[in-house]
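Q: Residues per chain, in single letters:
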Amino acid sequence: MDKIKFIHTTILRKVYLCYAFECVKNAANSFAMNLKNRSLVSITDFSKEEQLYILSLAQDFEKNPVRNLLENRVVATLFFEPSTRTRLSFESAVSRLGGKIIGFSDVASSSMTKGETLKDTIKIVSNYCDLIVMRHYLEGAARYASEISLVPIVNAGDGANQHPTQTMLDMYSIYKTQGTLDNLKILMVGDLKYGRTVHSLLMAMSQFNTTFYFVSPKELMMPEEYKLYLEKLKLSYYEHTDLNEYIGEADIVYMTRVQKERFSDPLEYEKTKNVYILRSEMLKNTKPNMRILHPLPRVNEIDVEVDEHEKAYYFAQAQNGLYVRQAIITSILGVI
Amino acid sequence: MSCSHSGKDKTQLQVNAIREGTVIDHIPPQNLFKVISILNLHKITTQITFGTNFDSQRMGKKALIKIEGVFFTQEEINKIALVAPSAKLNLIKNYEVVQKLPVSIPDKVSGIIKCYNPNCVTNHEKVTTLFHVVENHPIMLKCHFCEKVMTEEHFIFI
Ligand SMILES: [Zn+2]
Numbered sequence: 001m002d003k004i005k006f007i008h009t010t011i012l013r014k015v016y017l018c019y020a021f022e023c024v025k026n027a028a029n030s031f032a033m034n035l036k037n038r039s040l041v042s043i044t045d046f047s048k049e050e051q052l053y054i055l056s057l058a059q060d061f062e063k064n065p066v067r068n069l070l071e072n073r074v075v076a077t078l079f080f081e082p083s084t085r086t087r088l089s090f091e092s093a094v095s096r097l098g099g100k101i102i103g104f105s106d107v108a109s110s111s112m113t114k115g116e117t118l119k120d121t122i123k124i125v126s127n128y129c130d131l132i133v134m135r136h137y138l139e140g141a142a143r144y145a146s147e148i149s150l151v152p153i154v155n156a157g158d159g160a161n162q163h164p165t166q167t168m169l170d171m172y173s174i175y176k177t178q179g180t181l182d183n184l185k186i187l188m189v190g191d192l193k194y195g196r197t198v199h200s201l202l203m204a205m206s207q208f209n210t211t212f213y214f215v216s217p218k219e220l221m222m223p224e225e226y227k228l229y230l231e232k233l234k235l236s237y238y239e240h241t242d243l244n245e246y247i248g249e250a251d252i253v254y255m256t257r258v259q260k261e262r263f264s265d266p267l268e269y270e271k272t273k274n275v276y277i278l279r280s281e282m283l284k285n286t287k288p289n290m291r292i293l294h295p296l297p298r299v300n301e302i303d304v305e306v307d308e309h310e311k312a313y314y315f316a317q318a319q320n321g322l323y324v325r326q327a328i329i330t331s332i333l334g335v336i
Numbered sequence: 001m002s003c004s005h006s007g008k009d010k011t012q013l014q015v016n017a018i019r020e021g022t023v024i025d026h027i028p029p030q031n032l033f034k035v036i037s038i039l040n041l042h043k044i045t046t047q048i049t050f051g052t053n054f055d056s057q058r059m060g061k062k063a064l065i066k067i068e069g070v071f072f073t074q075e076e077i078n079k080i081a082l083v084a085p086s087a088k089l090n091l092i093k094n095y096e097v098v099q100k101l102p103v104s105i106p107d108k109v110s111g112i113i114k115c116y117n118p119n120c121v122t123n124h125e126k127v128t129t130l131f132h133v134v135e136n137h138p139i140m141l142k143c144h145f146c147e148k149v150m151t152e153e154h155f156i157f158i
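In order, the protein sequence lines correspond to chains W and B. Okay, so the first sequence: first residue is 1 according to our numbering, each after it adds one. Okay, so the second sequence: first residue is 1 according to our numbering, each after it adds one.
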């Protein structure tokens, strides 16, 4: 009986989602118009409907990622702080759509070392391209750039602040693995205090009636401002220091890195570093639909033997970034 | 203390009363010098009187400033709301209070305060700071650039 009920609700859920996505697609023209020439600095720069539109476009790109939509377009990737993984994902997204790439991958090879201001670099580069993808070690650098640039800016990470394309690919991965974004239970594990990906994901998923579970060492708990934000929205959240506590409830387990430099007391780090490790035996009593996500790179927080488990999704998650970035870039350039 | 503007007592008139200008009352004493600096009073050449630690029924202690011949715009007045939300402005004409203005907290604060986040772009490039007021009581500002939220104890005036 239970199984039939489960199948029934799953079908209903899928029908509803197709309906929701159809509505978004029907309104696609107006969203496409709206996104043209807009910068994406923070996830909240796009409305919920615009985010859903990007996800529906990403679905199309996943089916057909090689298209000549960016012919004669130039995208600059300015990485003031190195991040090979993110840069390659953006550059691959642009290349597969026939666009050209200019830029630099670290400050040492750019004029920044000669003391040029961010303002001058952005002013000059924005003469040479149609869109700038930038990563910077300073918080607020992308917002500032978006206000002086002649072309739109896509933020690929500004210090500990925002990384909206990561958030969108996390949302896309959740949607793909669960068939919905609504009413899910998300367990976040690790550094919840400084981890920008969990903060942005919390903001994004709070639009979909999510229940949150926070598991972290005492020193790295979810900051008050985010808990207050959930309380204002009347969303439930639960906190614990033990990873085993809520793992059976979760639809999504979102793992993050616990970094040594975040601890004021090195002894405290030594005590906790091996506590927040996900091992395959911990997955025994988890839900069948549960999937494990991680923004990568990981250190040791997911045991390598978990990689082979059907619930491990983090490598596929990284690949989803490609389609989401294609959707974002083509929308902003107004070529879709 | 006496806040008389009647002009009857000549000795008090010299020290206290102004003929035309602005009296800013109900300033928290610890923030008097911040108000002076926010309103750039050190650049004003007309007569200014400062007083502090006066007894106040409402606040316990209060400070006040009397500025001869100067009237402020609403925008200028709102700047002091960050440090003296309870302040009242009295506009004086011919020794009489002709208008009382409360200060109101603005939606945005531009260029008066430094962002407390050392890693914020505004502390590294020549950028005019900008904050959005996200909460009034107690006042909380969100940096337009780095998106960090700060409370009064972190306000550093430029
Ligand atoms: Zn800031």
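Don't read these hints as lab results, they were simulated from the structure. Check each hint, because a few of them may be wrong.
[Claimed, not checked] No farther apart than 25 angstroms at their CA atoms in a straight line, the calculated lysine-lysine pairs in the DSS-like style are these: (1) B/Lys34 with B/Lys100; (2) B/Lys126 with W/Lys123; (3) W/Lys119 with B/Lys114; (4) W/Lys227 with B/Lys148; (5) W/Lys232 with B/Lys126; (6) W/Lys287 with W/Lys185; (7) B/Lys148 with W/Lys48; (8) B/Lys108 with W/Lys119; (9) B/Lys126 with W/Lys119; (10) B/Lys88 with B/Lys61; (11) W/Lys234 with W/Lys193; (12) B/Lys108 with W/Lys232; (13) W/Lys36 with W/Lys63; (14) W/Lys193 with B/Lys100; (15) B/Lys61 with W/Lys48; (16) W/Lys218 with B/Lys148; (17) W/Lys119 with B/Lys148; (18) B/Lys61 with B/Lys114; (19) W/Lys234 with B/Lys148; (20) W/Lys193 with B/Lys88; (21) W/Lys193 with W/Lys123; (22) B/Lys114 with W/Lys193; (23) B/Lys142 with W/Lys234; (24) B/Lys148 with W/Lys260; (25) B/Lys142 with W/Lys227; (26) B/Lys148 with W/Lys232; (27) W/Lys119 with B/Lys43.
[What the hints assert, rightly or not] To give a feel for the contact side, a few chain W residues facing chain B, derived at Cβ under 10 angstroms: (28) Arg38; (29) Ser42; (30) Glu139; (31) Gly159.
Idealized CB from N, CA, C, for every residue including glycine.
Q: Now look at each hint and say whether the structure bears it out.
A: These are the hints, each one checked on the structure:
| no. | hint | verdict |
| --- | --- | --- |
| 1 | B/Lys34 with B/Lys100 | holds (22 angstroms) |
| 2 | B/Lys126 with W/Lys123 | holds (15 angstroms) |
| 3 | W/Lys119 with B/Lys114 | holds (19 angstroms) |
| 4 | W/Lys227 with B/Lys148 | holds (15 angstroms) |
| 5 | W/Lys232 with B/Lys126 | violated (36 angstroms) |
| 6 | W/Lys287 with W/Lys185 | holds (11 angstroms) |
| 7 | B/Lys148 with W/Lys48 | holds (22 angstroms) |
| 8 | B/Lys108 with W/Lys119 | holds (23 angstroms) |
| 9 | B/Lys126 with W/Lys119 | holds (9 angstroms) |
| 10 | B/Lys88 with B/Lys61 | holds (15 angstroms) |
| 11 | W/Lys234 with W/Lys193 | holds (21 angstroms) |
| 12 | B/Lys108 with W/Lys232 | holds (23 angstroms) |
| 13 | W/Lys36 with W/Lys63 | holds (23 angstroms) |
| 14 | W/Lys193 with B/Lys100 | violated (46 angstroms) |
| 15 | B/Lys61 with W/Lys48 | violated (50 angstroms) |
| 16 | W/Lys218 with B/Lys148 | holds (22 angstroms) |
| 17 | W/Lys119 with B/Lys148 | holds (22 angstroms) |
| 18 | B/Lys61 with B/Lys114 | violated (28 angstroms) |
| 19 | W/Lys234 with B/Lys148 | holds (23 angstroms) |
| 20 | W/Lys193 with B/Lys88 | violated (41 angstroms) |
| 21 | W/Lys193 with W/Lys123 | violated (35 angstroms) |
| 22 | B/Lys114 with W/Lys193 | holds (24 angstroms) |
| 23 | B/Lys142 with W/Lys234 | holds (23 angstroms) |
| 24 | B/Lys148 with W/Lys260 | holds (23 angstroms) |
| 25 | B/Lys142 with W/Lys227 | holds (17 angstroms) |
| 26 | B/Lys148 with W/Lys232 | holds (19 angstroms) |
| 27 | W/Lys119 with B/Lys43 | violated (32 angstroms) |
| 28 | Arg38 | violated (17 angstroms) |
| 29 | Ser42 | holds (7 angstroms) |
| 30 | Glu139 | holds (4 angstroms) |
| 31 | Gly159 | holds (5 angstroms) |
The earlier numbered hints that this structure contradicts are 5, 14, 15, 18, 20, 21, 27 and 28.
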